[in-house]
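Those protein sequences? They're chains V and R, same order as listed. Mapping of the first sequence onto my numbering: residues 205 to 551, in sequence order. Mapping of the second sequence onto my numbering: residues 118 to 419, in sequence order.
If you are wondering where the hints come from, they were derived from the structure by calculation, not from laboratory data. Since the structure is predicted, the reported quantities are computational estimates derived from the model, not experimental observations. Be careful, since some hints might not be right.
Unchecked claim - Listed next, the in silico BS3-like pairs over lysine-lysine satisfying Cα-Cα at most 30 Å (straight line): (1) R:Lys134 <-> V:Lys274; (2) R:Lys416 <-> R:Lys167; (3) V:Lys437 <-> R:Lys416; (4) R:Lys416 <-> V:Lys316; (5) R:Lys253 <-> R:Lys359; (6) V:Lys333 <-> R:Lys211; (7) R:Lys211 <-> R:Lys335; (8) V:Lys333 <-> V:Lys232; (9) R:Lys327 <-> V:Lys316; (10) V:Lys316 <-> V:Lys212; (11) V:Lys441 <-> V:Lys274; (12) R:Lys251 <-> R:Lys335; (13) V:Lys414 <-> V:Lys333; (14) R:Lys416 <-> V:Lys441; (15) R:Lys253 <-> R:Lys134; (16) R:Lys359 <-> R:Lys251; (17) V:Lys333 <-> V:Lys316; (18) R:Lys211 <-> R:Lys253.
What the hints assert, rightly or not - If you want the ones that stay clear, here's a sample from chain V, every Cβ over 10 Å from chain R, calculated: (19) Leu206; (20) Phe413; (21) Glu462; (22) Val487; (23) Asp549.
C-beta atoms are modelled at their ideal positions from N, C-alpha and C, and glycine is treated no differently.
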Amino acid sequence: MLFRTLAKPDFKALVERILASTEVIGPKRVGTDRHGRPIHHYLPVESFDEIDLDYETTEFSAKTYFLPYKENLCSYRFQDDDWRQEIRYRIQPRAIIGLHACDIHALIKLDKALARDFFPSPYYISRRKNTFVVGIDHDPCEGGFCRSLGTDTATHGFDLFLTDLGERYFVAIGSDRGFRALSGLPAAEITEQDTEDYLRVRKRIAAGFKTEINVQNLPNLLDIEFESPVWEKWGGKCLSCGSCAMVCPTCYCYGVSERVSMDFASGAKTKQLYSCNLIDFAVVAGGHNFRPNRQTRLKYRYYHQHRGFMEAYDEPKCVGCNRCGRTCLAGINPVEVIRDLQAEDET
Amino acid sequence: MKQLFYPFDISLESEMKEPLDFNRRSRTKDVDRVFRAEITNVIRLTEMEKLFQVRIMDDAERQRFTFLPGQFLMLELPGYGEIPISISSAPTNKGFLELCIRRAGTVTGALHKARRGARVGLRGPFGTHFPMEKMKGNNVLLIAGGLGLAPLRAPIFHVIQNRSDYRNVHIFYGTGSPEQLLFDYQYDEWRRIDDIEMEVIVERPDPNWKGPVGLITKLLDHVEINPRETYAIVCGPPIMFKFVCARLSDLGVPMQRMFVSLERRMHCGMGKCCRCNVGSTFTCMDGPVFDYWSVMNLKEAI
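Here chain V stands alone, though its shape is the one from the complex:
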């Protein structure tokens, strides 16, 4: 990988240059929660100053810019007794500034599930390839367990990745596009001092992690503990609201529905992100529900995260951001659920 350093005002100049021609998304402070902590969302910004790069975490992940909550798969024009189908993909470039390493890993996982191997999704690929991604290092967020899942550092999946060294950024260049974006800016070759400073920051970040879980044994454990009372305990609290899947940076499941315009002249097939915790997730024709109770549905969420995805791609789907734990209205926290399962195994 190529590395450079960039003075902070020069990075600001870079973002302004992007803003001149391209939509820019960044972490924006939108309010304060009941504990007085700032709330951030990834939102479109008009100027560099709206971006707050020193944010801890966001309530929602940035996946909506790659997998919108609602997206038209195609539209139909009806005429007489016939119809015609139209499909459009997004081709407007966009930049996202300030993703943390866990969210970049989320994109890498989505790439594996949606852009490779079988039936690559042109909708996802269009958005992914048209998005310029700038990541940034940050001290661990509260409750985050990304280090346990190996997603606390990113080595690919971005165009540029910044590490704050005080007056300047240590910049990892992940793509030709990232390299070209820096051209014309006074980005300097790294010195021994830069490397030393960078490693010191990395060390500080690594030392800051408080939450740790062991995920090594999960694929096997989930199979053995299929009937565990742990699912009763946590599933019994679940409100089946689906919030966890909405804020999750890697949950990609969806439902498809169609609607027709009021004048019957056109229609659209729409994909809407879904959640495996919603009651009708596994209903089939005739009304039979393969997962009628919430315990089973919650269990399958973990099953997909830590076993299903593992079997397909040799890594868990979870990136350890703990957004689901923070947002859950019933207080279901992935760290506690997993620890409970492991405790069950030891008794």
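Got chain V; can you put chain R on it based on the hints?
Relative to chain V, chain R alone:
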């Protein structure tokens, strides 16, 4: 100022310009593009089920359309919705397809009102198929319960068309009552084929019923097969194939040689929507056809 980012238009990629073929899973293409198809005939089978004969309208697309017995399609009624449907016709018929559909919801309800000439959208074929190649040289048991005869017809046609590749062939079919029997006009034809045994059983006979009465497993009581040289395809509701497969296992047929087709409500057919998730896999990708040993090992498959 020179352009910072070049827009990427996926529809200009060379793979996207290839003819649409869902059998080439690894290619990037318009995966939500449908084949326009026309309903050529509607055949009433029972109160609840109709057989729709459809034809892919574009000549080239129709010729290119190939599938294997056991695969399914996504059938779309623009404005109503899209549903997974198993293909019920012979694979040699290519883009002239038969779909046996029970009236069960919004889309199938609308479809049951559709007439000859109506245009629908098709995507597919998707999923795994029955291993007709591997079954060559063996006895074949083709067993269906209720609506299970719909997906079983493709392998039945395949076996009939390639009769010399297989040894003894039995077709067993069971339903609740005689009026629920599907494709009753075809049994006579199948029975008359030299060396194919076909038996039909119902649970609740009416006064006109002359055939055997009971559950489908009863038909297996007096079948004489060498279990080591036998393959079975079992289609029907989970409760039915569970008992049939258990019975076959008692007879000595290895579970890896029994094949069943699982039903889930797919929304994409391409391993993306996760709606047909069973255990750690997806029914649309690793299924709908599974060997029974795999089904036994999948959580909550039945």
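Hint check results:
Distance check on the hinted pair: lysine 134 of chain R and lysine 274 of chain V sit about 27 Å apart at the alpha-carbon level, within 30 Å; holds. Annotation: proposed proximity of lysine 416 of chain R to lysine 167 of chain R is violated, straight-line Cα distance about 33 Å (limit 30 Å). Between lysine 437 of chain V and lysine 416 of chain R the alpha-carbon distance is near 20 Å, which keeps this suggested pair within the 30 Å criterion. Under the criterion of a C-alpha separation no larger than 30 Å, the hint pairing lysine 416 of chain R with lysine 316 of chain V is consistent with the structure, at around 24 Å.
For a cut-off of 30 Å, the pair hint linking lysine 253 of chain R to lysine 359 of chain R stands: about 25 Å separates their Cα positions. Proposed proximity of lysine 333 of chain V and lysine 211 of chain R is contradicted: the alpha carbons are some 36 Å apart, above 30 Å. For the given pair, lysine 211 of chain R sits about 36 Å from lysine 335 of chain R by alpha-carbon distance, which is inconsistent with the 30 Å threshold. Only pairs whose Cα atoms come within 30 Å are accepted, and lysine 333 of chain V paired with lysine 232 of chain V is accepted, the gap being roughly 23 Å.
Between lysine 327 of chain R and lysine 316 of chain V, the direct Cα distance comes to roughly 57 Å. Violation of the 30 Å bound is thereby established for this hinted pair. Only pairs whose Cα atoms come within 30 Å are accepted, and lysine 316 of chain V paired with lysine 212 of chain V is rejected, the gap being roughly 34 Å. About 28 Å separates the Cα atoms of lysine 441 of chain V and lysine 274 of chain V, which keeps this hinted pair within 30 Å; it holds. About 28 Å separates the Cα atoms of lysine 251 of chain R and lysine 335 of chain R, which keeps this hinted pair within 30 Å; it holds.
Restraint check for lysine 414 of chain V and lysine 333 of chain V: not satisfied, since their Cα atoms lie roughly 35 Å apart, outside the 30 Å limit. Proximity of lysine 416 of chain R to lysine 441 of chain V is assessed by CA-CA distance (about 23 Å); at most 30 Å being required, the pair is judged to hold. This hinted pair does not check out: lysine 253 of chain R and lysine 134 of chain R have alpha carbons roughly 38 Å apart, beyond 30 Å. Pair hint lysine 359 of chain R plus lysine 251 of chain R holds up; C-alpha atoms about 23 Å apart against a cutoff of 30 Å.
Restraint check for lysine 333 of chain V and lysine 316 of chain V: satisfied, since their Cα atoms lie roughly 14 Å apart, inside the 30 Å limit. A hinted pair counts as satisfied when its Cα atoms are at most 30 Å apart, and lysine 211 of chain R with lysine 253 of chain R qualifies at roughly 22 Å. At the 10 Å boundary, the C-beta of leucine 206 of chain V stays outside the reach of chain R, the nearest C-beta of that chain being 18 Å off. Listed as a non-interface residue, phenylalanine 413 of chain V keeps its Cβ farther than 10 Å from every Cβ of chain R; the least gap is roughly 29 Å.
For glutamate 462 of chain V, the requirement that its beta carbon stay farther than 10 Å from each beta carbon of chain R is not met, with the minimum near 5 Å. Consistency note on valine 487 of chain V: stated as away from chain R, yet its beta-carbon is not over 10 Å from all of that chain's, at 6 Å minimum. No Cβ of chain R comes within 10 Å of the Cβ of aspartate 549 of chain V; the nearest lies about 18 Å off, and the non-interface call holds.
Comparing the model with each numbered hint stated earlier shows that hints 2, 6, 7, 9, 10, 13, 15, 21 and 22 do not hold.
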